[in-house]
Amino acid sequence: MALLEIDQLQVHFRTPDGINRAVDGVSFHVEAGETLAIVGESGCGKSVTAMSMLRLIPEPPGKIAGAIRLNGKNLLELSDREMRQIRGNDISMIFQEPMTSLNPVLTVGRQIGETLRLHQGMSKAQAEAKAVEMLTLVGIPEPGRRVREYPHQLSGGMRQRVMIAIALACNPKLLIADEPTTALDVTIQAQILELMRDLKHRVGAAIVLITHDLGVVAEVAERVVVMYAGKKVEEAAIGPLFRNPRHPYTQGLLGSMPKLGSSLHGDETRLAEIPGLVPSLKQKIPGCVFASRCPHATDLCRSVAPALELKAPNHVAACHYAPREGAMAA
Amino acid sequence: MSTPVLQVNDLKKHFPLRGGLLGGTTGYVYAVDGVSFDIAKGETLSLVGESGCGKSTVGKAVLRLFDITAGQVILDGERIDDMPSGTLRPMRRRMQVVFQDPFSSLNPRMRVRDILAEPIRNFGLAKDGAELEAKVAALMDKVRLPRDAVNRWPHEFSGGQRQRIGIARALAAEPDIIICDEAVSALDVSVKAQIVNLLQDLQKELGLAMLFISHDLAIVEHMTHRVAVMYLGKIVEVAPKRSLFAAPKHPYTEALLSAVPVPEPGAARERIILKGDVPSPINPPKGCRFHTRCPYAFDRCRTEEPPLRAVADALGEGHVAACHLHDLSPAENPLSGSKGAALLAAQ
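Here the protein sequences come in this chain order: F and V.
Following our numbering, the numbering of the first sequence begins with 355 at its first residue and continues without gaps.
Following our numbering, the numbering of the second sequence begins with 2 at its first residue and continues without gaps.
Extracted from the complex, chain F is given alone in its bound form:
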């Protein structure tokens, strides 16, 4: 059994001008210890998916349907009290903004110790000792001094390390990282990605990485779910996804990214554009959600929504025309 199973997840928000279908029937699973990336552009529903795994979506105006099963237990059926036992203990989260997601009036040590005292019943002294240990684990120099400091005394990269220390303090089975390096500079991003790779081997937690950056995906993930307009459009292991993307949206995303080193191969072609805009999620789209921007769209695409189909072993895509294994077209 998979560690986490998301089954037909729907997250709808009631707004004054209609229902916003932020996530519309998304299913995937996460195995123990693996890293799954969810990629897509703003508004595709990737962050809402992550928030709903921890039931952090306010209801109303939100409405969650479907099932989110952690070790077979549906989190959507738990009471608030039971859910609190899961948050920070079995599932924890790293947010994008290390500047705003730490409490500015508490020391770093208090914030790391909070989950330990709450979930593991540690004493204040034990929690502080463990906090120092966690800071060492995430590579903060002089952890004994830093543990008594406040977030404003730390740099952006160090704050993100503290966030990771908080998230890992209770040995979670699943870590959700929502754009963990987006706010950081590239050399600091490289440090944090290195840390995440290293910790994954040591801690063994499964990671769900939410990002818009395909470069980051290629560096840390094992499997990828591509989302567009509230739907999953493709899922595959990273190798096949990058080498042989089946969905026109994934192909477009990869084509629109300039590659480092392109000038050396005399490869100065124009970037491939995906024309048009992401459709509004407030109207129900009759056919394929990508049809309005897809270069290959036909009348079939505009009227009938394609089902997710197995196009190759462990490779699914929702496209009427994406070739199956053996029948590859360039």
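Worth flagging that the hints you see were computed from the coordinates, not collected in a lab.
For each residue, glycine too, the CB sits at the ideal point set by N, CA and C.
Some hints here could point you the wrong way.
[To be verified] Under the rule of at most 35 Å between Cα atoms (straight-line distance), these lysine-lysine pairs were calculated in the DSBU-like manner:
no., chain 1, residue 1, chain 2, residue 2
1, F, Lys527, V, Lys205
2, V, Lys61, F, Lys613
3, V, Lys276, F, Lys554
4, V, Lys276, F, Lys527
5, F, Lys613, V, Lys128
6, V, Lys205, V, Lys42
7, F, Lys484, F, Lys417
8, V, Lys136, V, Lys276
9, V, Lys276, F, Lys484
10, V, Lys143, F, Lys636
11, F, Lys484, F, Lys427
12, F, Lys613, F, Lys554
13, F, Lys478, V, Lys276
14, F, Lys613, V, Lys143
15, V, Lys42, F, Lys613
16, V, Lys42, V, Lys61
17, F, Lys613, V, Lys205
18, F, Lys484, F, Lys554
19, V, Lys143, F, Lys638
[As the list claims (entries may be wrong)] Partial selection, computed: residues in chain V whose CB lies under 10 Å from chain F:
no., residue
20, Ser52
21, Gln201
22, Pro264
[Said to hold, decoys possible] Here chain F is said to cover these stretches of chain V; the calculated rule only asks that three of the stretch's residues, wherever they fall, bring their Cβ under 8 Å from a Cβ of chain F:
no., region
23, 169-183
24, 219-230
25, 271-282
Use these hints to put chain V onto chain F, whose structure you have.
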């Protein structure tokens, strides 16, 4: 090469820090500390570096959004850094800016027509109402927005479309140089490609000079002719694009390039992970400013600041870097060989 459109000589901008009982100056932020470069007509120079390196401050100083501490800014042969505001006004027309955030850089209470007409009127570029209308329509065509969208308000547009309006507004004044300060950084991947292509087309069509300020090296490589790398208020390396990306001659550039995540799983790359954070520009390190994080630093780097000077480059002329390593024999210099080229060829 003809006279450059823009020339910047030894530009310095120090921001005073106020504090203490009487609110006196207690120190300075050395945001930009001696930067020189030039840009020719039709050329794109990119200014890259991480947050706080001073790249945006350079952009603002060039636009004279504030007075500089020392140095010269020369636009088409005329010094503008000490020009009185009356004579400066017509010069301002010739340099325009596209900002990062398309949501806060357009006035929400102006229709698109008025946003685009304002610079045309201000600089007297249209004789009458009909010509003004025609110019606004031509601008909409240039940035590939429908003409009838001029009656709409900024909030009715998406981020990418707003950025097109921002570009049209910059072009409205018929400038010689455009300064793009992280102009595509806030956009989604697929929209980013649209705007990058648009900027490149416009540059070719209009022969604009462009100062492209960005932290995104892959976009820079795609867009630019030359690159200047900044670290803590100084330029550490300038080179034509190919030379810089193939064989960086400064350890910071080398590390920066190796840190960019590449969308290619399992790409064999030699990664250099820099230790620690960028030091504070209030109290920059003595000697070479990069020595606290440099993997190759030796004693001389800690005491003596290396000047920017020409370095040997097999790929061509015009490669300058500020690093003592280039005084060592080629055998001892880790940046002399074709390590960078090998690194990128491996991809």
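Right, here's what the structure says about each hint:
{"no.": "1", "hint": "F:Lys527 / V:Lys205", "in the structure": "violated, 54 Å"}
{"no.": "2", "hint": "V:Lys61 / F:Lys613", "in the structure": "holds, 29 Å"}
{"no.": "3", "hint": "V:Lys276 / F:Lys554", "in the structure": "holds, 21 Å"}
{"no.": "4", "hint": "V:Lys276 / F:Lys527", "in the structure": "holds, 30 Å"}
{"no.": "5", "hint": "F:Lys613 / V:Lys128", "in the structure": "violated, 46 Å"}
{"no.": "6", "hint": "V:Lys205 / V:Lys42", "in the structure": "holds, 11 Å"}
{"no.": "7", "hint": "F:Lys484 / F:Lys417", "in the structure": "violated, 38 Å"}
{"no.": "8", "hint": "V:Lys136 / V:Lys276", "in the structure": "violated, 53 Å"}
{"no.": "9", "hint": "V:Lys276 / F:Lys484", "in the structure": "holds, 25 Å"}
{"no.": "10", "hint": "V:Lys143 / F:Lys636", "in the structure": "holds, 32 Å"}
{"no.": "11", "hint": "F:Lys484 / F:Lys427", "in the structure": "holds, 30 Å"}
{"no.": "12", "hint": "F:Lys613 / F:Lys554", "in the structure": "holds, 28 Å"}
{"no.": "13", "hint": "F:Lys478 / V:Lys276", "in the structure": "holds, 32 Å"}
{"no.": "14", "hint": "F:Lys613 / V:Lys143", "in the structure": "holds, 27 Å"}
{"no.": "15", "hint": "V:Lys42 / F:Lys613", "in the structure": "holds, 27 Å"}
{"no.": "16", "hint": "V:Lys42 / V:Lys61", "in the structure": "holds, 20 Å"}
{"no.": "17", "hint": "F:Lys613 / V:Lys205", "in the structure": "holds, 22 Å"}
{"no.": "18", "hint": "F:Lys484 / F:Lys554", "in the structure": "holds, 19 Å"}
{"no.": "19", "hint": "V:Lys143 / F:Lys638", "in the structure": "holds, 34 Å"}
{"no.": "20", "hint": "Ser52", "in the structure": "holds, 6 Å"}
{"no.": "21", "hint": "Gln201", "in the structure": "holds, 8 Å"}
{"no.": "22", "hint": "Pro264", "in the structure": "holds, 4 Å"}
{"no.": "23", "hint": "169-183", "in the structure": "violated (count 0)"}
{"no.": "24", "hint": "219-230", "in the structure": "holds (count 4)"}
{"no.": "25", "hint": "271-282", "in the structure": "holds (count 5)"}
The structure does not agree with the numbered hints 1, 5, 7, 8, 23 stated previously, though it agrees with the rest.
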